[in-house]
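Undergrad: Just so we're aligned, residue 422 is where the sequence shown starts under this note's numbering, counting upward by one.
Derived SDA-like pairs (lysine to any residue); straight-line CA-CA distance at most 20 Å:
1) K603 <-> R592
2) K446 <-> T711
3) K603 <-> V554
Derived from the structure by calculation, the hints contain no laboratory data.
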Amino acid sequence: MPKKKQLAADTDNDTFLFVSSTNTKSVMAYDGETGAFLKKFANGGGLIEPEGIAFGPDGNLYVASRSDEVLRYDGEKGNFLDVFASGHGLVDPAGIAFGGPDNDLFIAAGLTDDGLGNQILRFDGDTGVFEAVVDPANAAGLDDPEALVFGPDGLLYVASTPESGPGEVLRYDPATNSFVDKFVPSSESNILDPTGMVFGPDGDLFLSSAATSEVMRYDGTTGDFEGVFITAGSGGLNEAEGMAFNSNGNLLVASELGHSVLEYDGTTGAFVGEFVVAGSGHLSEPTFITFGPAESDFFI
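Please take these sequences and the hints and turn them into a complete structure.
TA: Written out as structure tokens, the structure is:
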């Protein structure tokens, strides 16, 4: 299928797509409607191999850096502000999300070769002060967490990605920092290396597999497997990573080794086209993606 034509950026549109670009040590900004490259939005401040990205309650952009920190950037202009969270076992951070009763920052600390990390850390969403380890005894059996999101039920969903065998989705109560259940157990997940996770407009849960370059769909209430949503390699998908639904209700998926962001029909999973064409703005190995506002004048 031919590549999607890139249109000129419309800076009157106040919604933009932000993409972690691993090899350029930055977060790129693209027009949220056309996918046109706008600008390298956030970099500097010691940012290394950016992973999870999220806009905080203060409107600023938070970025998980392989420097074992979460860095904060001005949400309108992308300027580096400060190191927001670090220490307390924060190593190899991946997915991040704001939520819970106090809108705190939750961070997935990955499992390192020397056995460190492998936990979910909670920091105050206003100050960055460390608050707690979620499920400190690891009753959930968490194994190398990647993506995490808050569900419609207010619970925290975490993708657990063991080195071998199928992954699973674990659920935690942010009010008590306790393990709730295995929402999608490994025995029923049918997915390897789940690295991206998002709830759809209909409430279903979608998981991307970096290992098989496909996306699976699960019932958002029961966790039951509903089938393969995006078939392996569809549209050139190569190591499926972070995902987000756009204003058209279509699913965008970061293709890490395709150096692009691909668009799929939000109902059928059929390939629509390249939303961000390969290498646009020197995009290289994209991981997590998110939509958010910014200052339009910054992109002129």
